[in-house]
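Visitor: The numbering used here applies: residue 20 is where the sequence shown begins, and numbers increase by one.
Any given hint could turn out to be false.
Think about it this way: if two alpha-carbon atoms lie no more than 30 Å apart in a straight line, the pair counts; the simulated DSSO-like pairs of lysine-lysine are [claimed, not checked]:
1) Lys598 with Lys443
2) Lys111 with Lys257
3) Lys336 with Lys209
4) Lys362 with Lys328
5) Lys463 with Lys598
Between beta-carbon pairs, the in silico distance windows are [as the list claims (entries may be wrong)]:
6) Glu273 with Pro78: 34 to 42 Å
7) Phe513 with Ala616: 47 to 55 Å
8) Asn563 with Gln33: 55 to 63 Å
Because the hints were derived from the structure by calculation, they are not lab data. Here the structure is a predicted model, which means the values were calculated and not measured. Cβ atoms here follow ideal geometry from the backbone N, Cα and C, with glycine treated the same way.
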Amino acid sequence: MASPLFYSDVENPQLGALCVQLEEYSRAQNRTIYVLKFPKSDLEESRENFDNCFILLSPDCKVLVVSYNAEADKFEEYMDEVDSIMNYLYSKYEYRVHFGRFSKWKNDIVDTIEDISEFSDLHRLFNVYSVISPQQKKNVELLITLCTGSINDINRVKNNLPDTLLDQVKQKIQSFDGDQTRFIYQELDKPIIKIQGLSGTGKTELLLHKIKELYQKNDNFKIFVTCHNKILADALKKRIPAFFDFMKVTKQIEWNERFWCANAWGHYQHPNSGLYSFICSTYGLNFYSFREASFDGACKYAIEKLKTKYPDGIPPKLDYIFIDECQDFKDSFVELCSMVTSKQVFLAGDIFQSIFAENIARDYTADYFLTKCYRTDPKTLMFAHALGLGLFEETPLRWLSKGNWEACGYDCEEKLTDEEIILKRQPVRRFVDLPSDYKSVVIKQYQQDNICEQVSLSIRNILEENSTCTVDDICIILLDNNQNTYTIANKLEFTIGRDFEWQVNKAYESKKSVPNTLFISNRNNVKGLEYAFVICITNGLIDNYTYRNALYTMLTRSFLQTIFMVQEGDNGMMESIMKGYNEIMQEQKMTIHIPSADDIERIATRFNEAKSRPLKDIIKETINGLEIDEQKAENMLNVALRMNWADCSEEEIREKVEMLNKIW
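From just these sequences and the hints, can you work out the full model?
Guide: Quick look at the structure:
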C-alpha cells in the first residue's frame, strides 16, 4: 500500500530503489515527500530526455533539484527548465504581488544535489537541507504547492506571519498529500472511479481540481456535478466558478451546455435543476417526483425504460459525472449515471458520514482512500466520534473493531490485560501552530431561560479573542428535532440583531448560504459546510441513533473550535463525558473500555433492531420537529404514509417531510 504522504511521478527504473527508500522514510517519519519530474503546470513539459533528474520537495526542507548521475550539460538544461516553469507558475498565480521577483525569493529555499550518495542517509540529508526561520518554512510550503498543483490563494496565506489563532489556521498553507496528488494526476482506465475518506479529508476539493483538469483538457467534454443535498449543491455551484477564476482557467463555464451543477433529483419543469430531471428530459422519460416514488425507485424505473428504449446501446449524453457525498445514494443512481456517461463517473464518499452505517470499514473497491482529516482538529474529531458512539457511557451505542478504527485513520493500541483500547490520531500540519493546550472543543452547560445570553456571550468571547473574525466565520446549529428548536432560533435572531447588529440566515428556511449573515440551522442543512467557529446547542444527549449521528456530524463542522452547549441535567453522564473530554484535550488520545463479548452482542442486536424502526416513527419524529399545529401535523402524517417512501433512507424521509411542509 502506497504511503499516503508520498508521491512520485518519475518513471526511470534506476530511480525505483531510491523512491522505495524515500517512501519508507516518509511512512516511518510521518513526513510528506514528493518526487517530481517537473513542476505540475499547464505548460507542455520538455520533450528532452531528463530521466536522470528530478525535484525533491518536503516541508521544512529546501526544494532540491537533483541529478541522478546526469551529464553536467543535461542537468544544467534541466535546472533551466525547472526554473522556467516555477517562474511561470509564480507569475500566473500572482505571487510576485506579495513576494517580489522570483529569482530573489527562491535563492534561500532552492538548492541542488549532484552527488546521489547524499541520499544514503536520509535523516542526515533532511537535516542538512532543513530551513529554520518561520518565513523560510512558509516560502518552502508555498513553492511546494506551486509545484504540485495544490495552489493556495496568495491573498489568504499572505506574506506576513499571522498574529491571531484564527489567522494562523486560515493562512496555513495546505498541500495535497500523496493520495490526493495521485487522484488528480493519475489516469485510471475504468468507468467508475471511487474516492473514499473521512469528512474533511479534502474529497470535494479534489473533485474540483479533477473537474478543472478535465474541463480544460477538451472543449467538447460535457460534465455534470451532483450531490444529494440541495444546500451543498448550491454551495458547489457558487464555489466552482470562484475556483476556476482562482485557478486562472481561461475557458468560460458554459452552464447547461457543457457544464451542469445541481442536486440529484431536480424538478420536472426544470430539466437542468437536477441530474435525474436532466436525464428524464434528455431521453424522453417520465419524471417521478418525491410524491410518487423514492429516489431509488425513480432511478430503477429510468434504468428499465432506457434499456427498453435503446436495446442496441444507450447513446451517452454526458462525458463525466462527479458525485459528491456518494454514500447518500443507492446503487441504482450510480448505475443510471454510468449508463448515460461516455467516459467516467467519479464517486466521492465518506466512510464515517454516518457513524451508524451498517458497514463502517474500508471499501476495498475504492481506488483512493483518504484517512487524514484536514478540516477538523484531531481532538475535535476524536471527541465527536466518542460522543456520537457513546464511548464515554456505561454501554456504548455502537462498538467498532480495531480494523474499523484503523480504516477511519486511528492508531490503535489494545491493552488486553486492562480490557482497554487506546485510540490516537496523527497530528495535522494545518493545526501544528496551535498551542498544545488549545481546546478545539469547549463544553458549556446552560439553563433553558438563558440560552440566548449564553450564545451571545460565546460570540462576544470569540470576537474578543480573534480580532479578524467576521460573521461569516461563525455558525449556530440547533441539534434537537422538536418545535423548541425553532423557538430558540427566533429568539436568537432577535438577540443577535440586538447585540451585534448582524443579519441572521435561518438555513432551514433559505436552504442556502448567505454572505455577511450569521448562519443558524437545524441539523439537516449543514452537511458539506465548514466554519471557523461552530456553536452546537442541545437540550441533552439522548440514546437515539439519528440524533447521535447528527451530533457527530455537526460537531465536526468547525476547523478551529466547536462550542458544545448542553442543558444542565444528568450530572452523572456529564462527569463521565468530562473525564474522556479532558483526556482528549490534554493528552490527544482516548482510552476506551472494551465491552464484554455479551455486551458487544447486545449492542449489535440493539443496533440492528434500530435500523428497521417503522416508517411511521421516522415520519412522525420529523414532523414533530416542525413549527406546525397539531391538525396540520396529523394531516401531513396521513399523506406521508400513503407515499412510496419505504425504500428511502432516514435522511431522504426527513428531506421529503420538509419539502411536503414547504409546499403544503
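Visitor: Next step is simple, just say for each hint if it's right about the structure.
Guide: We went through each hint and held it up to the structure:
About 16 Å separates the Cα atoms of Lys598 and Lys443, which keeps this hinted pair within 30 Å; it holds. Simply put, Lys111 and Lys257 have alpha-carbon atoms about 23 Å apart, close enough for the 30 Å limit, and the pair holds. With a C-alpha separation of about 18 Å, the suggested pairing of Lys336 with Lys209 holds against the 30 Å cut-off. Taking the CA atoms of Lys362 and Lys328, the gap is about 21 Å. The hint holds against a cut of 30 Å.
The hinted pair formed by Lys463 and Lys598 meets the criterion: a straight-line CA distance of about 15 Å does not exceed 30 Å. At roughly 39 Å, the beta carbons of Glu273 and Pro78 sit within the given window of 34 to 42 Å. In this structure the supplied range 47 to 55 Å holds for Phe513 paired with Ala616, their Cβ-Cβ distance being about 54 Å. Taking 55 to 63 Å as the suggested C-beta distance range, the pair Asn563 and Gln33 conforms, at roughly 60 Å.
No hint from the list above goes unmet by this structure.
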